[in-house]
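Build the full structure now, drawing on both the sequences and the hints.
Those protein sequence lines, which keep their order, are chains Y, F and G.
With the first letter of the first sequence counted as 1, position 46 gets the number 46 in the numbering used here; the numbers rise by one all the way through.
With the first letter of the second sequence counted as 1, position 55 gets the number 55 in the numbering used here; the numbers rise by one all the way through.
With the first letter of the third sequence counted as 1, position 187 gets the number 187 in the numbering used here; the numbers rise by one all the way through.
Honestly, the hints are just simulated from the structure, not real lab data.
Hints may be right or wrong, so weigh each one.
[Claimed, not checked] Facing chain Y, according to a computed beta carbon distance under 10 Å, are these residues of chain F, among others:
| # | residue |
| --- | --- |
| 1 | R166 |
| 2 | S329 |
| 3 | T372 |
| 4 | W395 |
| 5 | G432 |
| 6 | M434 |
| 7 | E437 |
| 8 | G462 |
| 9 | P467 |
| 10 | S487 |
Beta carbons: idealized from backbone N, C-alpha and C, even for Gly.
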Amino acid sequence: MFPEWLRAGRVTGLAFTLAVFLSSHALAEGPQSTPSIFAPASTPAIDTYHLSLFVLQITGAIFVTVAGILLYVIIRFRARDDDDDREPAQVYGSNQVELAWTVIPVLIVVVLFLTTARLIFAIQDAPKPSAALEVTAVGHQFWWEFRYPRQGFVAANELHVPLSNTSHPSPTYLDLLSADVNHSFWVPQLAGKIDLIPNHPNDMWIDPLYPGLYVGQCAQFCGVQHAKMLLRVYVDTPEQFAAWASNQAKPGVQDPAVAAGRRVFETEACMNCHTVIGTAATGRFGPDLTHLMSRDTLASGAMLNTKENLRQWIKNPDSFKPGSLMPAMQLSNDQLDQVTAYLATLR
Amino acid sequence: MADRTLPIDGSLDLTPPREQEGTLLETLHSWVITVDHKKLGLMYMMLAIFFLLVAGAEVICIRIQLAWPDNHFLSPQVFNRLFTMHGTTMVFLVGIPLVFGFANYIVPLQLGARDMAFPRLNAFSFWMTAFGALLLYYSFIGGGGLYGLGNAPDVTWWAYAPLTARAFSPGHATDYWALALIVTGFGTLGGAINVIATVISMRCRGMTLMRMPLFAWLMLVDSGLLLVTITPLTAAQIMLVIDRYLGGRFFDTQAGGSAVLWFHFFWIFGHPEVYVLVFPAFAIASEVIPVFSRKAIFGYPAMVAASVGIAFVSLGVWAHHMFTVGMTSASNTFFVLSTMLVGIPTGIKIFNWLATMWGGKIRFATPMLFCTAFLFQFLAAGLTGIMLSVAPWNWQLHNSYFVIAHFHYVLVGAIVFNVFAGIYYWLPKATGRMMNEKLGKWHFWLFFIGFHITFDTMHFVGFQGMPRWIYTYSADRGWNHLNLVISVGGMIQAVAVLIFAYNLITSLFRGKIAGNDPWDAWTLEWSTSSPPPAYNFATDPVVQSRRPLWDLKHPEDPDWRYE
Amino acid sequence: MSAIPIVPGVNEQAWNLPSRGRVGMYCLIIGESAIFTIFVVAYVFYIGKSLYGPTPEQVLDVPIFNTICLLSSSVTIWLAERAIERNSIRTFGLWWAATIVLGLVFLTGTGIEWHRLIYHDGLTISTNLFGTTFYSLVGLHATHVVVGLSMLLLVLIFVFTGHVRQEHSERIQVLALYWHFVDAVWVIVFTVVYIVGR
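Written out as structure tokens, the structure is:
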């Protein structure tokens, strides 16, 4: 009876896996708006995905087998109305049977452990190729800072990385730091999450195989606006990435037409927290705004980067992200218009 | 079967002198000053059920907020407070009081003792727990002033450093949290010491360790585990308080302190704590399943060994909550192995319960329904636990709704289900009246269906990348439909719990008279009257086997022949 | 009249269970050990990790006299235990008082050490990681000494009022267990703080 149970279990386990697979939109390749872990698009996520299918099959088979036995017991051994009043035969135990159901799980654990250990070492101790891009990600309450030390510029909230391919991998290595509390970098389609912990540098790598925009978010509670500490990773073709990087390396645009707005920016408290390269503003507490207009979103993905949103965000940050550390500056309407016009030139 | 009279009249006919009928105030006073293990047990249970309802109401608010994307039912601040309070309450003010509620009421009765080893310590422990609870909930008023909804702690129930530092959590909310857990922690320590001393030193004549009911065994192991896990938490909380009040540097990352040290200290407590909470569920299953299957527990020595084994291994698995904090590959591998090893004794337990049912004549009364569902759900929870122990996959699943689903499968699917089983099973002993079977079945089926609608769905939204602790999400993430389903399931469970509360209260007045042994059971608590007199047993019982009442009812085939 | 049918011989078998006081005290000691373990781990983990001084090498002196006092109090309390078993309450009271004196000497020594550290060396609990871990670990132990001394003192008062008799020797021994534990913990604290960490 046992092997049949096992075979039936494996088949149903596969069916279960398939159901999971389908329910998670796993059939498309490349980026998706729902960041399913079953739609991997980068080497560590793909390896993890294959391991997870293997684990799902084994656990699914165990579940179907044992739940099947349970169901059988419930139906077969339920007390019936026409029963006599006698107690069933008392069985106190059986060493052989108990030994069997100790040894079988041990064997399963050995198999699971070995496959798991292999992948842990493969991911954590992977040698770094020379072509790898290095980025330092710094978690802040409630936004992301991305430093590109080799290229010498700083971006925020939207991480751009080059597309890799399996024959010539050009992965991205992330050094993970935190400026305040704990955060966690999680873009499910690209890799598992690793935490950003103050005074405890971490690292991780991604090796994306399909271009496009991948979404994720902070996965370690970090305070009031943990929910809107969103992540956007743009996997660019090498040409796109080079163009983006060369633009980011430039200082901020100096357009005399918006000098009034720039004056507001430099005389109000904005400059205490924000940097615009080429101006007096060198604050590090908030995101670098040198190329604000090159981003699609504001406030770590909380809203689209439109002029209206930008003005409203400066006027009253709490209307989008209550509890965010950006203060409402009490600017006059004129000042708001001017500073918004200025920021809109920072491409 | 149930109407068979028991030849144990000796202890029964001694009608206990009814308590002096007094005024309401006198009755209340008698409960406040009591040191009787049964009254304290009931008070622990009432505390736990009260806070179960409170924390349940908190989570209903959370689920309303999450039912739709970009919802504005709760502000982010209030949402963060509610899930922090939900978690803290459920673990410290529901889970642990439940342990001691059951242990207090049942263990001395099962051991043939007249009280716990230290009755006054028992009362002290209960009141420490109760005052700790008061302190925690007082934070709603005292945490930061009386504006809005006050200022309860909002740092998650893990309270990861350095978010708890003064710089990031100003005000007093976090202080209330830490101090409340220190206070309840001492209550828990006292309770654990008491249970261990009772089991070791108060057993009636003939009850060797290997003749104790499994319930008592599990409570012994559970208390032993609490002894070495609640104390590290207390130590860590003392450090947190030193940091917050005296300017200490334990978790000050600016001064070279380590946040990761807090993670370790917290999970050294936090993981075994899960087993602390689930052992009462095992204990209840180990009583209910044999009685309703009409068979002796299968493989008693293996069950004892597995319990002790789980307790030991559970002390070495804490860092599987920390696969994402950047440990070395070697440490990660070690904790994968130790975590998977827990699966083996756990598997033994499930198989032994199954084998107990095999060949029996299973009566599906309400307690057994809950226990059967427990087996099914605990199996699934164990298997998702194995999935989470696979470190690379854990990097994906950690802090996602999959984890929420997994541990609610344990905490609700296993623990709450079996606590309901235990209440349906033992309440007739405590009150002398049966709970309504029909309402019980309604309660069971609604709760069962609601549970699965909620928590089965949560696994999938976790697969889709939804992290925990977020107060809202945007519609384009595609999580909205599943979240609505989860919330609907939550409401169904709430209705079921209200039915239970109604059943519980009406049974006190209108329930069928239970008699001493309504379930035709085999352990000593069923040999005394319902409710038992203050001194439990008129004469000290003497036992010959694991099932003294079986021996009585079946003199032709007593258990002790086979031991 | 017994509830359960008596099988011949059962009631005559010896049925001795450990004393609940002893079991309870051992449990308390296990729980307390876990608390100390966490503080010791924190201390060891942070050895040499302070970003600024003063460091243990600069300011800590090995408290040898103190240590001798505390450890010998374990001997005196043991002599007291033996005395009460033999029903010589006078001798018991003497050894018991000696234990208290030795404990007080230890506490005074710690007080002098702390005074010097705070006012002379400028090391407080918030100075650096060393200060935080040092004061909390040594302070946690000192707190236990204070609790132990209070209980010992209570017994001494009972001796004076004539309420201590030989039949209490079991309880006295349970209390002495706690004192032995406090002494044993000092050995660990001493090793960690004054030998390993210096």
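Results of checking the hints against the structure:
Below 10 Å, beta-carbon pairs count as interface contacts, and R166(F) has none with chain Y, the closest being about 13 Å; its hint is therefore violated. Here the hint on S329(F) is kept, as its CB sits about 4 Å from the closest CB of chain Y, short of 10 Å. The restraint placing T372(F) at the interface with chain Y holds, with a minimum CB-CB distance near 6 Å, inside the 10 Å limit. Taking 10 Å as the C-beta contact cut-off toward chain Y, the hint placing W395(F) at the interface holds, the least distance being around 2 Å.
The beta carbon of G432(F) is not positioned within 10 Å of any beta carbon in chain Y (closest approach about 26 Å), and the interface hint is therefore violated. Given the 10 Å rule on beta carbons, the hint for M434(F) is violated: about 18 Å separates it from the nearest Cβ of chain Y. With 10 Å as the threshold, the beta carbon of E437(F) stays out of range of chain Y, its nearest partner Cβ sitting at about 15 Å, so the hint is violated. Interface restraint check: G462(F) against chain Y, minimum CB-CB distance 8 Å, threshold 10 Å, status holds.
Because the beta carbon of P467(F) sits about 4 Å from the nearest beta carbon in chain Y, less than 10 Å, this interface hint is met. Because the smallest distance between the Cβ of S487(F) and any Cβ of chain Y comes to about 17 Å, over 10 Å, the interface hint for this residue is violated.
Hints 1, 5, 6, 7, 10 from the list above are not met by this structure, while the remaining hints are.
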